[in-house]
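Fit chain B to the supplied structure of chain A, relying on the hints for placement.
Listed below are the residues making up each chain.
Number of protein chains: 2
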Amino acid sequence: MSQTKFLLDESDIPTHWYNVVADMPNPPAPALGPDGKPIGPEALMPIFPMSLIEQEVSAERWIPIPEPVREAYRLYRPSPLFRAHRLEAALGTPAKIYYKYEGVSPAGSHKVNTSIPQAYYNQQAGIKRIATETGAGQWGSSMALAGQMFGLEVRVYMVKISYQQKPYRRSMMQTWGAEVFASPSMETNAGRAALAADPNNSGSLGLAISEAVEDAASRADTNYALGSVLNHVLLHQTVIGLEAKKQFEKAGDYPDMIFAPCGGGSNFGGAAFPFFADKAAGKNLRLVAVEPTSCPSLTRGHYAYDFGDTAKLTPLLKMYTLGHDFMPPGIHAGGLRYHGNSALVSQLHHEKLIEALAVPQLATFQAGVAFARAEGIIPAPESSHAIAACIDEALRCKESGEPKTLFFNLSGHGHFDMGSYDRYFAGELEDFAYPEEAIKAALERLPQVA
Amino acid sequence: MSQTKFLLDESDIPTHWYNVVADMPNPPAPALGPDGKPIGPEALMPIFPMSLIEQEVSAERWIPIPEPVREAYRLYRPSPLFRAHRLEAALGTPAKIYYKYEGVSPAGSHKVNTSIPQAYYNQQAGIKRIATETGAGQWGSSMALAGQMFGLEVRVYMVKISYQQKPYRRSMMQTWGAEVFASPSMETNAGRAALAADPNNSGSLGLAISEAVEDAASRADTNYALGSVLNHVLLHQTVIGLEAKKQFEKAGDYPDMIFAPCGGGSNFGGAAFPFFADKAAGKNLRLVAVEPTSCPSLTRGHYAYDFGDTAKLTPLLKMYTLGHDFMPPGIHAGGLRYHGNSALVSQLHHEKLIEALAVPQLATFQAGVAFARAEGIIPAPESSHAIAACIDEALRCKESGEPKTLFFNLSGHGHFDMGSYDRYFAGELEDFAYPEEAIKAALERLPQVA
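As you go down the protein sequences, you meet chains A and B in turn.
To convert, take the position in the first sequence, counting from 1, and add 23; that gives this note's numbering.
To convert, take the position in the second sequence, counting from 1, and add 23; that gives this note's numbering.
Here chain A stands alone, though its shape is the one from the complex:
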């Protein structure tokens, strides 16, 4: 049998991140301030170091990765590319299935790829403390780990429903020395206001972002860090796709279709953008962002300027959105419960250069279990969105007889999600369809931009 894993040397860890902006047919729509005018760097300086602000607006194709960041990456990178021989056999498909496994990071997901450089640049800028939010806990634990590595204090506002459902993600952050509060908390104006309006508010990513941004903006020693959505975050994640391209070379193969989960967009951007460079150069290749039907920003949202958070503290980004006050249903893929999406992913989708599809919750768990039984690894519910879409395509290949090469990003393991597997087995999970009226209503609440 041919190889199962395609490994790279530490010297193969990319020396540069890939910036998709350089290969986009149109420049990205600018971020706007509350006055509806494009913001300058000064608008972001209270919460981000200048090096990250420069990356946020850069049009350079290649951005060098600082050596201390590559050094820290070496704890878990390069991550393996697997050929899913056992899954192929279980499905009886002629398709070849590959997956990149980012669960090898100590925090268990791809999020560490950006928490490390964010911690590094903040430390270099003399910042002592980071405030951030977390939904499912993957981002918060990644930031806690990176903060520990670069000597920064970390404060995490964790969406309350996750704080309650996933206490072990909290323990993990604390093991790495971070301070964790359930959001909405009494620590910020945004949190106190939300609790005053509804003491039982179980939180949302948008609200937790408001708390963390407020915390960072109110202290000179503190910056904010975001785990997805922003251009520099997607940039950092391109180590995934860049490594994967080298690994496909080793495998003597190349994907026909790429699937990645899509919430804020960094998972998809990280895996797919380096391949987009080939597509922009004429290669025939389909890039598919997979989202939950319960939170269908790309497939059913509005392409419009909107806030990134509930309290309207962030700049306006042009993106697919369900409305900044959207409260997603309590699905178990907490990392995909975001009202908006990356501006870059949104623009590429709007220009029909990438595709998007939505998968219902039960289908994702069904796919996750099938994958775990074939390949051993128990996937995070977020990752199972890509698995479900990939399995569907592999089964279409079985019908058509096409031996397509399929690739998906296995962005994390499900070791902290076993409670949701339990509920799945007990028949307690359900599918959510996002109601049409809610989509219409969101349109009316979008900020008015000239």
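A hint or two may mislead.
[What the hints assert, rightly or not] Below, simulated BS3-like cross-link-like pairs (lysine-lysine); rule was C-alpha separation at most 25 Å, straight line:
{"#": "1", "chain 1": "A", "residue 1": "Lys273", "chain 2": "B", "residue 2": "Lys269"}
{"#": "2", "chain 1": "B", "residue 1": "Lys302", "chain 2": "B", "residue 2": "Lys335"}
{"#": "3", "chain 1": "B", "residue 1": "Lys268", "chain 2": "B", "residue 2": "Lys306"}
{"#": "4", "chain 1": "B", "residue 1": "Lys341", "chain 2": "A", "residue 2": "Lys28"}
{"#": "5", "chain 1": "A", "residue 1": "Lys268", "chain 2": "A", "residue 2": "Lys375"}
{"#": "6", "chain 1": "B", "residue 1": "Lys427", "chain 2": "B", "residue 2": "Lys306"}
{"#": "7", "chain 1": "A", "residue 1": "Lys375", "chain 2": "A", "residue 2": "Lys427"}
{"#": "8", "chain 1": "A", "residue 1": "Lys306", "chain 2": "A", "residue 2": "Lys375"}
{"#": "9", "chain 1": "A", "residue 1": "Lys273", "chain 2": "A", "residue 2": "Lys302"}
{"#": "10", "chain 1": "B", "residue 1": "Lys60", "chain 2": "B", "residue 2": "Lys341"}
{"#": "11", "chain 1": "B", "residue 1": "Lys273", "chain 2": "A", "residue 2": "Lys28"}
{"#": "12", "chain 1": "B", "residue 1": "Lys463", "chain 2": "B", "residue 2": "Lys28"}
{"#": "13", "chain 1": "B", "residue 1": "Lys268", "chain 2": "A", "residue 2": "Lys28"}
{"#": "14", "chain 1": "A", "residue 1": "Lys463", "chain 2": "A", "residue 2": "Lys341"}
{"#": "15", "chain 1": "B", "residue 1": "Lys273", "chain 2": "B", "residue 2": "Lys375"}
{"#": "16", "chain 1": "B", "residue 1": "Lys421", "chain 2": "A", "residue 2": "Lys273"}
{"#": "17", "chain 1": "A", "residue 1": "Lys28", "chain 2": "A", "residue 2": "Lys421"}
{"#": "18", "chain 1": "B", "residue 1": "Lys463", "chain 2": "B", "residue 2": "Lys341"}
{"#": "19", "chain 1": "B", "residue 1": "Lys273", "chain 2": "A", "residue 2": "Lys273"}
{"#": "20", "chain 1": "A", "residue 1": "Lys28", "chain 2": "B", "residue 2": "Lys269"}
{"#": "21", "chain 1": "B", "residue 1": "Lys28", "chain 2": "B", "residue 2": "Lys273"}
{"#": "22", "chain 1": "A", "residue 1": "Lys463", "chain 2": "A", "residue 2": "Lys302"}
{"#": "23", "chain 1": "A", "residue 1": "Lys269", "chain 2": "B", "residue 2": "Lys273"}
{"#": "24", "chain 1": "B", "residue 1": "Lys28", "chain 2": "A", "residue 2": "Lys268"}
{"#": "25", "chain 1": "B", "residue 1": "Lys306", "chain 2": "A", "residue 2": "Lys269"}
These are calculated hints, taken from the structure and not from any lab test.
Bear in mind the structure is a predicted one, so any value in this text is a computation, not a measurement.
Frame of chain A; chain B shown alone:
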């Protein structure tokens, strides 16, 4: 900075397991039946396939690894050897610290190294179902995974206190299709008797073994599988040390001291035995088995024939034991809560060819947290025993200025042990010293062997 990880190719997965018996100065003490006479293979045939029984008594130095087993190993092997640069820096030690990381297996520990061949040989022998026990859950999940890979049903008797403390280990086994019962259960005579005597019995590894052995012995389609202690289990685990030796060659280094956790002995045997071959050939090298002070079989137990389980269903093994009816305190390193030890490890210890030391619980958590903050990976509490001993030695090197090369087996991650980290941070954990009277009392209850 020099390399962080030393990786091998899939072709470097060992082709043979190493049998330490071939290099022991004296033949192993035989297992005895209830009559006090050495048992023949027929005594084990009701619960083990002949291929494993042959391995149990083999004196051959090298035992070939069947190709389907190597194929299955490829899902996660070869495992990485890490140089702990960050831990060294944090300790300020001149020692060089290396660790082999077995937490890369899908079940999160080294246990899969033996569950895979055990499942394979049983499937080859026409067995349809495996009954086994689990303490902390690492073995049970490893057996569940391997059963799924080779098409066997798996029934797991899980020590009740772990079943309650670690529900997500249960979910993991169920995700891989296994059936899990809290032990003592109403499914067996041994379980029913224990519950009749004490309905609140929270279980022990010895009792769960009794249940699984009884289950296997009573059904023709079912065999038993054990996750440690037995010679064939230690044999399978030698893939750890064999790979590590190749990796040390790549690193241009060789350990002065090796540390591994020791409960039933397979963790230690797997990491240390392949190096013992060099020691037997004259190499100067110290091999250190690390156990909990609360369950100190090697450091304070009796070297005598004893049963492997509470209900006295197993043959008698000559080993360091605290008495087969020993009920260990509820420490969080559930995988080390066993009254006895491997006969091979015991004999080597008795002949002073290896060393043993005991570490109290709080020191292991302190070491585990220090390791997690330096190296990122959150260790299983069992693994933290080896870390604690290794850090102590590294600090001695700091005092003496000796640049020793230290190696430990990081046998698993702690993703399913975050509850015990929580309790550690909350100051709720304590140290247990095993009382001297209990050790004396155990002596009187040991079986009488001529």
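Exercise for the section: Sort out which numbered hints this structure fails and list those numbers smallest first. Expected result: 2, 4, 12, 15, 16, 22, 25
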